[in-house]
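Following the hints, position chains B and C against chain A.
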Amino acid sequence: MEKILSKWESLSAWSSVLRFLDINLRSIGQVMFQNNPLTGLLFLAAIAWGSYAACVPQVAIAGVVAVVVANLTAQWLHVDTEALHAGLYGFNGILVGLALATFLAPGPLLWVYVILGGAVSVVVMLGTTNVVKPWGGALTFPFVLTTWLLLLATYGFSGLAGAALPTGNIVTAFQPYQGNPLQLIDLVQGVFLSISQVFLKASSIAALLLLVGLAVSSLSAAAFALGGAILAVLTAHLFGAESDLITGGLLGFSPVLTAIALGTVFYQPKWRVVAYTIVATVFTVIVQSALNVALTPFAIPALTAPFVLVTWIFLLPRRCFEPTSIGAGDAATAGTT
Amino acid sequence: MEKILSKWESLSAWSSVLRFLDINLRSIGQVMFQNNPLTGLLFLAAIAWGSYAACVPQVAIAGVVAVVVANLTAQWLHVDTEALHAGLYGFNGILVGLALATFLAPGPLLWVYVILGGAVSVVVMLGTTNVVKPWGGALTFPFVLTTWLLLLATYGFSGLAGAALPTGNIVTAFQPYQGNPLQLIDLVQGVFLSISQVFLKASSIAALLLLVGLAVSSLSAAAFALGGAILAVLTAHLFGAESDLITGGLLGFSPVLTAIALGTVFYQPKWRVVAYTIVATVFTVIVQSALNVALTPFAIPALTAPFVLVTWIFLLPRRCFEPTSIGAGDAATAGTT
Amino acid sequence: MEKILSKWESLSAWSSVLRFLDINLRSIGQVMFQNNPLTGLLFLAAIAWGSYAACVPQVAIAGVVAVVVANLTAQWLHVDTEALHAGLYGFNGILVGLALATFLAPGPLLWVYVILGGAVSVVVMLGTTNVVKPWGGALTFPFVLTTWLLLLATYGFSGLAGAALPTGNIVTAFQPYQGNPLQLIDLVQGVFLSISQVFLKASSIAALLLLVGLAVSSLSAAAFALGGAILAVLTAHLFGAESDLITGGLLGFSPVLTAIALGTVFYQPKWRVVAYTIVATVFTVIVQSALNVALTPFAIPALTAPFVLVTWIFLLPRRCFEPTSIGAGDAATAGTT
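Chains as they are written, first to last, in the working numbering: chain A, 98 to 434; chain B, 98 to 434; chain C, 98 to 434.
Looking at chain A on its own, in the form it has when it is part of the complex (with noise of 0.2 Å):
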């Protein structure tokens, strides 16, 4: 695997076509936190193979244009190029191009979307990451608060129409559980959902070629992937959320990230570290749901929204835990230094 790595990077340095297509497939596995193009490689199938399952292939299409497009305008305005080469500047990118086409019908006007918002998710990065520069990364952030005021915005015009958003309602109060009880069965597909909806799909198989590719850049990551979204099914069972929000992974896939980011990226895994991120991840859940209530009157769904607020939160008092050593292979914090 070194081997392939050491062998890949040094081609990449040779072409500049190479070095951009080793800047995009990096930008696809930094949204989990992996600088590593074999990473990216397997994230872009679990990607392909989502979308061609649900017969949806525009949503990996846009989310490629959206990256490239984000990367390109990186370019363009001279960022940092140790980040950029990190893919830094492309995950959230990647990210907007899947979620506008997950949430719209396709269009003309659908593809003005996915570029503009590839290109402005660039703009919010940077301004994200002079923020919060003393204590974290910007996260999702920049997809988040991109994404939101594009969907927002097609309720206003007639050029661009929901696919799927969800619809818009004042707050009431839960109806009464009156599912059937939950099988086992149904528990592990939501922990595998859990995993796959980081990257918009409801797929299992898409959940296993996100894991190894998790696995092939760090088993650590791919242990906190796995765990926090155990965790999280179970947590939203116990609180007693909705069946089928729990089996289709829609409350695990902001743990998910909450867990790899405080248990692996900016902390030491310690025993305490362990722990903080146990609470985190738990709480993540209910900011999920609490977030999902607050987006109600709005008709747009919470995204990543609940993993980049939780994990902020936990971020923030930073000077409890020793900070991690930051190393070259670690660039998703390159952002914190």
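I should point out that these hints are in silico values taken from the structure, not numbers from a laboratory. Each hint should be verified, as a subset may be incorrect.
If several chains are the same, the list does not tell them apart, and a pair holds so long as it fits within one copy or across any two.
With a Cα cut of at most 25 Å, we get these calculated DMTMM-like pairs of lysine to aspartate or glutamate [stated by the list, open to error]:
(1) K230 / D177
(2) K104 / D341
(3) K367 / D177
(4) K367 / D341
Then chains B and C, alone, in the frame of chain A:
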């Protein structure tokens, strides 16, 4: 009084159990910026009486549980010892506990919520303090954020039900004022309940206990609390707010806190500061009404958010006034140095 | 022109009454970033004409009252003299006054609101400037925040009634576009009203006065204002926005401000900056639509929030471009040094 307190202090220094009791009492006092265990004891009596009189003993118990959990969490996170001993990591916890048990129906998951909320409030406190350090304190923002998220999430959980949450609605024009004109007695009641509602209680006896608790620590704090409550009730009446809200103290508890904070804690009382505090207190009544309206679609209460927002707005220009010299006995501002 | 202005400046230096008049005129000019009393006078003429033509003289009066109150408050708070003389503490005040009198019905409490709003806008200005100093200016954020809070609060007050506030609603899908296709004449009207709506006026004559006012101070500001308005109207048309909003200038006033701010105030005009400003201006149209939608449940207008949000987003990455050298005549950026 001085003698009792210094005797108590030497006892606390000697016993870790008494020290922990001291920390929790000071935490309760810090809700109104008083770093004084006797004040905390009188405030606790007010809470206990208010809960007993309203037949909701679980509210007082939840407050005590949450403040204890918060201070234990703070110790586990190795927070600054001086701030811990001053009660600065517990005052948000007690408010979280009181609010959760006030707005949610009793049940086992309520207590999971109270414990989790108490713990998370400390993390939010650490982070908020890091952000606002250059110009102010965290105030009760950690309480507001933590409680809002926990309450919103219940609308997605069948295991937790609202007991006294507001009904969600879209914002509509004010219904013309039909009630009888307010009598002096109503206004007096509004003044007292504005003070007791700081601890989510509607009880004149609790209000008197709170005023005595303030007075034993700082006569000027008691005077600003009473003055703030009177000003708030008159302002709300002038603008034609709903009479039930006025007489229930529901438009006055945030202005009371604004008056204490700006008039006695963060600025030195001078005529210019008094005028500045009056403008801020009047504006807090307007912001209380504004946030009540803004939160209507979300079906959650404003809590002390109006106090936090207005006090931060009026603290940010800081350089225009000379800051108070911060003594050991004024630890509420420890986060501001 | 130069001669008249230097004559006026020497008169102002001599008389404190003329100096105060000068400050208030410059405050009006600063709404569009022009530190020039003649520009302010022409802008005031535009406001007066727009109010007179629409039979709402109280709107212009409220604007004047609020700007005077704001500048008196700024003096009382001992703000920085240079920034005060450049009109930087008054431009939010005049907008608060215009907006309150536009959206609320006349009455004695309206004038309490106008005075309070003018005063509070200065406090918010001081605080915002402290926060954004490292990378930008406060822009019209103080106007937006103060006015939103004051307008929201009226839904809880029987003493203040809305006159032109939007109706609250939940967010619903866009109603298919039924109107006649837009004619060129409609687009031209949309361009002019996009400029006059910066001061909440729907008047082509006011727009011409504003353009002349810009031109006497800065030809490039006038060009960017006109260009921004044209780009905004075309973008809104492309996305299929409601034709009434386009022709009424209601999707264009924020993009006009974005274009002036990014193209002429904060960055030096170069080709890269022009391209950057075009992207930001197009994005402001989308954000205008997004915030119109997001504020639907709250029944309040977006005001210039889209301009503030997008301009801040595009200013934050600052280091990618060279900042303008800040001269004495470009005091709008005084808060950025």
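Structure-based check of each hint:
no.	hint	verdict
1	K230 / D177	both (14 Å within a copy, 23 Å between copies)
2	K104 / D341	neither (45 Å within a copy, 60 Å between copies)
3	K367 / D177	between (32 Å within a copy, 21 Å between copies)
4	K367 / D341	neither (35 Å within a copy, 53 Å between copies)
Hint compliance for this structure: hints 2, 4 are not met, and every other hint is.
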